[in-house]
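Trainee: Residues per chain, in single letters:
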Amino acid sequence: MNNQVHPVREAIKHAVLILGALIVILPFYVMVSYSLKSPHEIESNTGGFFGAQEPMVDEYCVKLGNPRDACVETPVVYNYTQAFKKAPLLRYLLNGILVTASIFIIQVLVALPCAYALSKLKFWGRDFVFGLVMFCLLIPVHAIALPIYIMLAKIGLTNTYASLVIPWTISVFGIFLMRQFFMTVPDDLIDAARMDGMSEFSIIWKVMLPTAVPALLAFAIFSVVAHWNDYFWPRVAITGNRDLYTPPLGLREFKGDADGSIWGPMMATATIIVTPLIAAFLLAQRRFIEGITLSGMK
Amino acid sequence: MAQGSHRAAYGFIAPAVFLMIAILIAPVVIAAALSFTDYSLGNAGFDWVGLENYDRMVSRSTYTKMLSATALYVLTVVPISIALGLGAALLINSVKRFGDIYKTIYFLPVMAALLAMALVWEFALHPTLGMINNTLASGCGTWIEAFFGWHWLPWADDAPSWFENGCASGFPLWFGDKDYSLWTVAFIGIWQAFGFNMVLYLAGLTSVPRELYQAAAMDGATTAWDRFRLVTWPMLGPTTVFVVTITTIRSFQVFDTIEAITQGGPAKSTFVMMFAIYEKAIQHNLMGMGSAITVVFLGFVLILTFVQRHLVERRVHYS
Numbered sequence: 001m002n003n004q005v006h007p008v009r010e011a012i013k014h015a016v017l018i019l020g021a022l023i024v025i026l027p028f029y030v031m032v033s034y035s036l037k038s039p040h041e042i043e044s045n046t047g048g049f050f051g052a053q054e055p056m057v058d059e060y061c062v063k064l065g066n067p068r069d070a071c072v073e074t075p076v077v078y079n080y081t082q083a084f085k086k087a088p089l090l091r092y093l094l095n096g097i098l099v100t101a102s103i104f105i106i107q108v109l110v111a112l113p114c115a116y117a118l119s120k121l122k123f124w125g126r127d128f129v130f131g132l133v134m135f136c137l138l139i140p141v142h143a144i145a146l147p148i149y150i151m152l153a154k155i156g157l158t159n160t161y162a163s164l165v166i167p168w169t170i171s172v173f174g175i176f177l178m179r180q181f182f183m184t185v186p187d188d189l190i191d192a193a194r195m196d197g198m199s200e201f202s203i204i205w206k207v208m209l210p211t212a213v214p215a216l217l218a219f220a221i222f223s224v225v226a227h228w229n230d231y232f233w234p235r236v237a238i239t240g241n242r243d244l245y246t247p248p249l250g251l252r253e254f255k256g257d258a259d260g261s262i263w264g265p266m267m268a269t270a271t272i273i274v275t276p277l278i279a280a281f282l283l284a285q286r287r288f289i290e291g292i293t294l295s296g297m298k
Numbered sequence: 001m002a003q004g005s006h007r008a009a010y011g012f013i014a015p016a017v018f019l020m021i022a023i024l025i026a027p028v029v030i031a032a033a034l035s036f037t038d039y040s041l042g043n044a045g046f047d048w049v050g051l052e053n054y055d056r057m058v059s060r061s062t063y064t065k066m067l068s069a070t071a072l073y074v075l076t077v078v079p080i081s082i083a084l085g086l087g088a089a090l091l092i093n094s095v096k097r098f099g100d101i102y103k104t105i106y107f108l109p110v111m112a113a114l115l116a117m118a119l120v121w122e123f124a125l126h127p128t129l130g131m132i133n134n135t136l137a138s139g140c141g142t143w144i145e146a147f148f149g150w151h152w153l154p155w156a157d158d159a160p161s162w163f164e165n166g167c168a169s170g171f172p173l174w175f176g177d178k179d180y181s182l183w184t185v186a187f188i189g190i191w192q193a194f195g196f197n198m199v200l201y202l203a204g205l206t207s208v209p210r211e212l213y214q215a216a217a218m219d220g221a222t223t224a225w226d227r228f229r230l231v232t233w234p235m236l237g238p239t240t241v242f243v244v245t246i247t248t249i250r251s252f253q254v255f256d257t258i259e260a261i262t263q264g265g266p267a268k269s270t271f272v273m274m275f276a277i278y279e280k281a282i283q284h285n286l287m288g289m290g291s292a293i294t295v296v297f298l299g300f301v302l303i304l305t306f307v308q309r310h311l312v313e314r315r316v317h318y319s
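Residue numbers (the working numbering), protein chains in the order written: chain C, 1 to 298; chain X, 1 to 319.
Think of the hints as simulated: they come from the structure by calculation, not from any bench.
None of the values given here were measured: they were computed from a predicted structure.
It cannot be assumed that every hint is accurate.
Quick list of in silico lysine to aspartate or glutamate cross-link-like pairs, EDC-like style, CA-CA up to 20 angstroms [what the hints assert, rightly or not]:
1. 255/C <-> 279/X
2. 255/C <-> 122/X
3. 85/C <-> 58/C
4. 206/C <-> 188/C
5. 96/X <-> 10/C
6. 154/C <-> 47/X
7. 122/C <-> 188/C
Which residues of chain X face chain C? A partial, calculated answer using Cβ under 8 angstroms [said to hold, decoys possible]:
8. 8
9. 104
10. 111
11. 120
12. 183
13. 199
14. 237
15. 274
16. 286
17. 287
Glycine residues also receive a C-beta, built at the ideal position from the N, C-alpha and C atoms.
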């Protein structure tokens, strides 16, 4: 294998990679750019990336009876304030945080003790339980959304926070992952803790949990990214109550009343929803890529 | 081992076992049972209808269109997103500089909420306002139209090209045209998925031992294609098996882009299975039919995963 760089070949490779990068970035460019522009600039496709930022009159504000000069705003301010005014976006974002955090915490509370028992305790039926975990790994929760929905409807739980969280409380993948990790923890560590008189319960949270932080962090990223971005299950579980909307559901609402003036605020909302994870990803790329591709370790 | 740990263990596994049975196993059983009924939420009872729901799936045009739209989508997205992912990984691995920057950019769509990006794509592809069609239209009447007219090619005939047709009678409606909608949705699927595959292939590439390339070179593998064919591709086998499985399962589950943009239309051209379950069962309250689609869907997923596990086990043995 020769390692010298052929300048022409190298240039062609970069040209291909740059072309790909442009296509990948295109929608992000459109999203951010249109969140900065006035409705007129969006409709006429003018103004470059940032738009001219000429002050514009908010016609809706005028209709409400305010004096014309009190309703003048620059497009960027208009779009981002409208994102929060047209819909309770702040509430949606808090719902999103509440739901994603609850899901992750419950997943850990359920999975850690089970993983500990499967990896470090001997008990009758252990192989069976592990077999059950391996079998459940085959079932994608999205695929069985309908029967879960029927069950929740039967006990009257649709349109509640609980319905957003319940299907995700069990992460067999989390159990499997933590069990594999705990297998590598030396038994001596646990025996020493038992000598000190620790109960099995406190061993899980005071000995095993601290050793598992790197694996848990990767799992946290895996879980949070999946549920912050999830649209299918919230769409199924929440039918009318807008107070329970997660960010993707809230964004989807904008499409209902689509006239030209809504595009700017809609793109602003999209930007607000997408930015937190993108920013976190850019800051901690290695960890994120590890976390997202965790399922590759199966 | 201390006697107490035995009893404690049951307490530790109890919540997980209960939830596995209640949330994962029971729904599969319920879906299987309801698929033989005409159940609707709110009705007191239901009738057993035998295989009627399954029969409909192969006889009614709505459902045969569902199966073919799903198959077309999966068979488009899976090979292309895997080929692009592998291609990107190989290119990034072979350039001297900036590889990490490309990797970061290509991974961005994996992180972004697909629903949000679907709405952005819809806007970018809007027939009149969108920047794609506007950009295409701005090439009309210039050298660009002449170039993409292809008439300068010696073997070209006089028929107007795709681009000239677009200039003359308007560029495609993309999501609004049944000849384009499925491919446009599949394009978004590929756009979103290939970065994930690229990352898995990059990880796979780091585990290919360098000595193998030297050994292959000594055996006369001189061109890049030989090295790829004889060393890289076989060594990436386990990665490929995994990538194919996970990409297929994910493409089967496509929903966000369909619900937000096309609603299964036009003319059912994008009526994929997850959207069919949502529309028929959740919106139209046809729980029996929805359950039957769920069962078929699960069947596909299970078969795929079993094949994957079988292949992985066969490969693991010699390493």
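Trainee: Give a verdict on every hint.
Mentor: These are the hints, each one checked on the structure:
no. : hint            : result
1   : 255/C <-> 279/X : holds, 18 angstroms
2   : 255/C <-> 122/X : holds, 11 angstroms
3   : 85/C <-> 58/C   : holds, 13 angstroms
4   : 206/C <-> 188/C : holds, 15 angstroms
5   : 96/X <-> 10/C   : holds, 8 angstroms
6   : 154/C <-> 47/X  : holds, 18 angstroms
7   : 122/C <-> 188/C : holds, 16 angstroms
8   : 8               : holds, 4 angstroms
9   : 104             : holds, 6 angstroms
10  : 111             : holds, 5 angstroms
11  : 120             : holds, 4 angstroms
12  : 183             : violated, 15 angstroms
13  : 199             : holds, 5 angstroms
14  : 237             : violated, 14 angstroms
15  : 274             : holds, 7 angstroms
16  : 286             : violated, 10 angstroms
17  : 287             : holds, 6 angstroms
In summary, the structure is inconsistent with hints 12, 14, 16 from the numbered list given earlier, while agreeing with the others.
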